[in-house]
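Q: Residues per chain are reported as follows:
Number of protein chains: 4
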Amino acid sequence: MTKRIKMKPGTRLSEQPENIGMNRWHPDIPAITHVKPGEDIILETLDFLDCQIANNDDPSDVRDIDLTRAHPLTGPIYIDGAEPGDLLVVDILDIGTITPYGFSGIFAKENGGGFLAEYFPNAAKAIWDFHGIYTSSRHIPGVRFAGLTHPGLIGTMPSIDMVHEWNRREAPLAAEGKAKPPYEPTAYVGALKGAERDRVAKEACRTVPPREHGGNTDIKNISIGTRIYFPVFTKGAGFAMGDLHFSQGDGEIAFCGAIEMDGYTHLGFDLIKGGMAKYKLKQPIFVPGPTDPKFEKWLMFEGICVEDGKQYYLDATVAYRRACMNAIEYLQNFGYTGEQAYMLLTAAPVEGRIGGIVDIPNCACTVAIPTGIFDQDILPRK
Amino acid sequence: MTKRIKMKPGTRLSEQPENIGMNRWHPDIPAITHVKPGEDIILETLDFLDCQIANNDDPSDVRDIDLTRAHPLTGPIYIDGAEPGDLLVVDILDIGTITPYGFSGIFAKENGGGFLAEYFPNAAKAIWDFHGIYTSSRHIPGVRFAGLTHPGLIGTMPSIDMVHEWNRREAPLAAEGKAKPPYEPTAYVGALKGAERDRVAKEACRTVPPREHGGNTDIKNISIGTRIYFPVFTKGAGFAMGDLHFSQGDGEIAFCGAIEMDGYTHLGFDLIKGGMAKYKLKQPIFVPGPTDPKFEKWLMFEGICVEDGKQYYLDATVAYRRACMNAIEYLQNFGYTGEQAYMLLTAAPVEGRIGGIVDIPNCACTVAIPTGIFDQDILPRK
Amino acid sequence: MTKRIKMKPGTRLSEQPENIGMNRWHPDIPAITHVKPGEDIILETLDFLDCQIANNDDPSDVRDIDLTRAHPLTGPIYIDGAEPGDLLVVDILDIGTITPYGFSGIFAKENGGGFLAEYFPNAAKAIWDFHGIYTSSRHIPGVRFAGLTHPGLIGTMPSIDMVHEWNRREAPLAAEGKAKPPYEPTAYVGALKGAERDRVAKEACRTVPPREHGGNTDIKNISIGTRIYFPVFTKGAGFAMGDLHFSQGDGEIAFCGAIEMDGYTHLGFDLIKGGMAKYKLKQPIFVPGPTDPKFEKWLMFEGICVEDGKQYYLDATVAYRRACMNAIEYLQNFGYTGEQAYMLLTAAPVEGRIGGIVDIPNCACTVAIPTGIFDQDILPRK
Amino acid sequence: MTKRIKMKPGTRLSEQPENIGMNRWHPDIPAITHVKPGEDIILETLDFLDCQIANNDDPSDVRDIDLTRAHPLTGPIYIDGAEPGDLLVVDILDIGTITPYGFSGIFAKENGGGFLAEYFPNAAKAIWDFHGIYTSSRHIPGVRFAGLTHPGLIGTMPSIDMVHEWNRREAPLAAEGKAKPPYEPTAYVGALKGAERDRVAKEACRTVPPREHGGNTDIKNISIGTRIYFPVFTKGAGFAMGDLHFSQGDGEIAFCGAIEMDGYTHLGFDLIKGGMAKYKLKQPIFVPGPTDPKFEKWLMFEGICVEDGKQYYLDATVAYRRACMNAIEYLQNFGYTGEQAYMLLTAAPVEGRIGGIVDIPNCACTVAIPTGIFDQDILPRK
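Here the protein sequences come in this chain order: A, B, C and D.
Under our numbering, the residue at position 345 of the first sequence is numbered 352, and the numbers go up by one with no gaps.
Under our numbering, the residue at position 329 of the second sequence is numbered 336, and the numbers go up by one with no gaps.
Under our numbering, the residue at position 285 of the third sequence is numbered 292, and the numbers go up by one with no gaps.
Under our numbering, the residue at position 210 of the fourth sequence is numbered 217, and the numbers go up by one with no gaps.
If you're looking for bench data, these hints aren't it; they were derived computationally from the structure.
Treat identical chains as interchangeable: a pair holds within one or across any two.
When the alpha-carbon atoms are kept at most 30 Å apart in a straight line, the in silico DSS-like pairs for lysine-lysine are as follows: (1) Lys-317 with Lys-242; (2) Lys-242 with Lys-389; (3) Lys-289 with Lys-304; (4) Lys-317 with Lys-287; (5) Lys-200 with Lys-13; (6) Lys-15 with Lys-43; (7) Lys-304 with Lys-285; (8) Lys-389 with Lys-285; (9) Lys-116 with Lys-287; (10) Lys-187 with Lys-116; (11) Lys-185 with Lys-317; (12) Lys-389 with Lys-289; (13) Lys-287 with Lys-389; (14) Lys-280 with Lys-10; (15) Lys-285 with Lys-317; (16) Lys-389 with Lys-280; (17) Lys-187 with Lys-289; (18) Lys-13 with Lys-242; (19) Lys-317 with Lys-116; (20) Lys-304 with Lys-389; (21) Lys-389 with Lys-301; (22) Lys-209 with Lys-317; (23) Lys-280 with Lys-43; (24) Lys-304 with Lys-43; (25) Lys-287 with Lys-304.
Bound-form chain A, shown alone (with noise of 0.2 Å):
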């Protein structure tokens, strides 16, 4: 029988009957349970916003979030005999919804952003339901597809001196506001205690960035059927995830965030002793699934380096600003809202690309569009 760590859905971490996680990196944090290599488990997980959104149609929820609870994970899970050198190698044999529903949102411009907060500064929400590997919602009709369900958040623990590094390096965004460094208050460290929980909750990274041993991805690719080879940095991995999506588009533009849920994965694990110098990889390789969902036909949006008449060099971040911009702009002649569209961008499996990234003074990026998920036509007619 697979073992199994459950959450109690609707509780934030922190209340949990059973500590069974943490929302914070650092090594300190006491492993909550530990496989063999060639052993399955079964994690439970929270929604990324730790519980606070209610499937209703009021935003404000949304717009008075407490981000610095963002992202509870379960985990560690310590592998044995897995150390320093090795490759954790990560099977995702399954994922699966526990509440039957998620949600996607805009952050208010004030207080979490996104991409486009610049146009779209006001918190809004939408709420999907799941039918099986389908989902719709009310707030945004006349859409429906498949998800390709994956974790938002996967990785290894890093050593004390990546912790190091990785608050040093982020210190200078954070003094700018663009980054978030350690923040104690609502850090949640698992098990620890007292002086230690105090000591680790003040230096522990915080979930956003992705980092060298994975994190917080956001990689839609990597659902069920995916092996991931991740860097091992530390005695037994400290292998966590969470942060579970139904579904998301290429870059999860809008930061709240994909199709966000709580639910279950099943994960199978293995080693590569020495596998990081055998193969020279200090970051995680991902090897996604073959069943995402197939889909025919495609609306294609570009992107130039160009915004309010100046040309930028070589800047992929504009230009698909711009790709998603013109993608916005251009649904609202089939009757959605921009803030409609914008929640769709982020949640439905949009392919977002890197096209001309090269060429100079300018680069290009694409947003592409399943046709199929809209019950109407969106392509242009005589």
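For chain A, the structure is supplied; the task is to place chains B, C and D on it using the hints.
A: For chains B, C and D alone, coordinates are given in the frame of chain A:
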């Protein structure tokens, strides 16, 4: 019988037996032919470097390239009845090779450069032989794949106001050497002669960046079966194209380039009168064809927004560069040099995706390579 | 909370702690539960041989099988409001394993037989271990693939007139030993008792052939995400299902069978009132889900209508048998026995297609195997 | 420059300006050209009815067809060095149209017939216009799809012993009118003249059935990018092909036929010396190309082994006929006549699969239609 605009292979644009094109954008360049909505045409096009690259093992031609001759285009084509404000519907009915090989390469850092010029400053070249839809290269052994053939450069003619605006907005970057201002000596502006030729040659826009009319889009998915909706900015639309790619990776990261080739493209045209306003379109949109080669397994690399120990803010360009460097370093485990891996990433059907772009302070991008293109196993093993 | 009908793994249908089903079709079998249109249910089902096959290396259980116990089904489910003439819309929301292995096998020619019984008269067995969506077998080494999990048997309840008609039309074949007439001793007809049980058990139809209500369709593509429109022949519809397959090749040629397993299926129901007449439907129609595993390369074998030197006329059965035999003979070049190859064809996601069926005097069929399921190269080489 | 065998469009094989082929199989037919292993060739081919069908709305040409002229083939091609026992490796590098339209049709029951001749006894015709990879027909409105272009007929030359064997084994069926014996008057056997021509014309095999050398395989998936391994039975291999299909449904059920066209095929050749014994191959095997058009949603019909109230035993032909009739009846809900639906099934990229073939007494087959080819919704709605 479909009309066919023929070029003489191996002969630079300005010395073609008949005038077939241009290498700049300007609305005063006369059309080479006209077609009616509903009609087809076949356009032969030269390779994007205007016949300067030889099928041999010596990269000195790449090193010494005259880039001001880049992008010989076939056109403009005058579409009867097209007026500013319309949408020009372009169907890519077929694309084929003429010369049975193509090239990819690395420009020298001092002449052309590319996305990874800091890491690969020296010129290199790979010749690719075509065998139907498949290609392989004696310079990158052990790799074979089906191409997703497409035009790198395709668009409609800008208005004269747009020409002025483009030159204006690119001037600051041009002053830094990051963009290319108009350059009269090698401008080829079709059938114009004398003073009129000189006036237009001095004013006409260079071809490198993608702009609001399409242009150098370098989108690998606009292959056979694609439909494009272009804005029309001038009477007759002034359609032109060139820069055929047998295959390309997202981003065409080496700039020189994809698998570059001469060839022909069979095109169909139609008009949606007044379509720009009807659909609020200021840039082309694309519906890619349904026949891209299937791949079942991909190896995906992630790049994060950290370079040389510095954390960048929301910078997809840095993230994609790191993803590419991670892939290049990994492929060296399997017998490839860095240059070979770089030329492979720019040429093979790799997917470059925006992942988690809005994550703050960081963002991530991914690059994924289909494993089936290699004749060896490239996954980590125990 | 979705209702779940639970079975006890490893316990034959007639000895389950609670009545959950039946192994015959008859409208007088009482419903085990009811659901409303729009509601979901989860049904657990036993393997198609009613727990007679053990996870070991000895095929004597296959050889000595009691086939009259075949096809324990979970059901019937009464759908509120369903009446004859309606269409019952069934969504396959999810399918999962319970016991982490399954089996495929070859029945002995004298007991069960199969498509190639003349060539493989002896019983054989392969146990398949499940690891998420992938499976492999110690009995057929060097093969691993993702399953296209589906129910082999799914349908609505026939009317009493249909029961009589089915028994009537199958009687001539039954007299020749080519079909199975009603058989009272092992009939399990749900909660019925005493004389009523005996009456129904003597009359109820066997489960092997697919019929107008669906039944033993063995269509490998009706996997997760599939929608089926079933005719309703009785009040309440009487939906039932079983015979889950982890994976199956088209034709399920060995009869015993696909990769057979117990497991659960999450189902949704809806009604189209009067839909049979509205759409002139007398049999179910199917819209397969979008997530079947991708394969990029297939090796395809053809069979023609010639066997033992005799030319057959328009006989797809002969043609498909030759295609299968050609495949089996070929696979023996790579270290497999004929029995292993046969069990692989019945179990792996092979495509069996009708090709040129109307060619006179001949027809052809093909069977295609994805090459990526093997850990060796199976294409001819110089 | 690749050698190209040219035909004159619209001119029957026997009146071509130069001899390019044959419409029978016999090893004494002289090769029209030779190629070396590693070389390519382009073969132009006539349509399968030898230019007897006109682009108009009158099916009388289909009704009055002279079928003894069927299957004009281009060839034989002599491959240098090929000897009996080798495998001839044939790469389908490209296929293209010459005349921009094709046809599908229904033969009259008394002249040609077809799979459903009992139900559709009268001749009918549909003309299909080609627009790049897409086709549509004024005779079957509201349908448009990308073709999976392929040769219906492709093979190597039989030995004289095989010719005798084929004639022998087909004679009993020919006596019943179910097969076609040699027929001298319209036999075209290449450059042979006089008595030698007459001798070969009387002996040469007709082209309809697929046989051990390939021949009239009608496999829709052997499109661009396909590699075929053919047995070599005669010195030089004697490769020939024809009967190009722009698109075809599995089974090509109307016999007349797929979407029939003239066109060209670019081919590459190689040899595996002694490959027949090495791989125990007596028939060709196929590796289909990777670029078949994607479809995301299919509507699937099932046929069971019951016709006119009679239960058949293990008869895939009956089952497939019922599946096709079910599809045809259903499509009539959406404005199509039975004849139109029949001509659509034979022409569109429908999948005809063997399902549950071994189920005793029954078997089932399915036919699936991609829903995206219609400009209306063809699923049942409330």
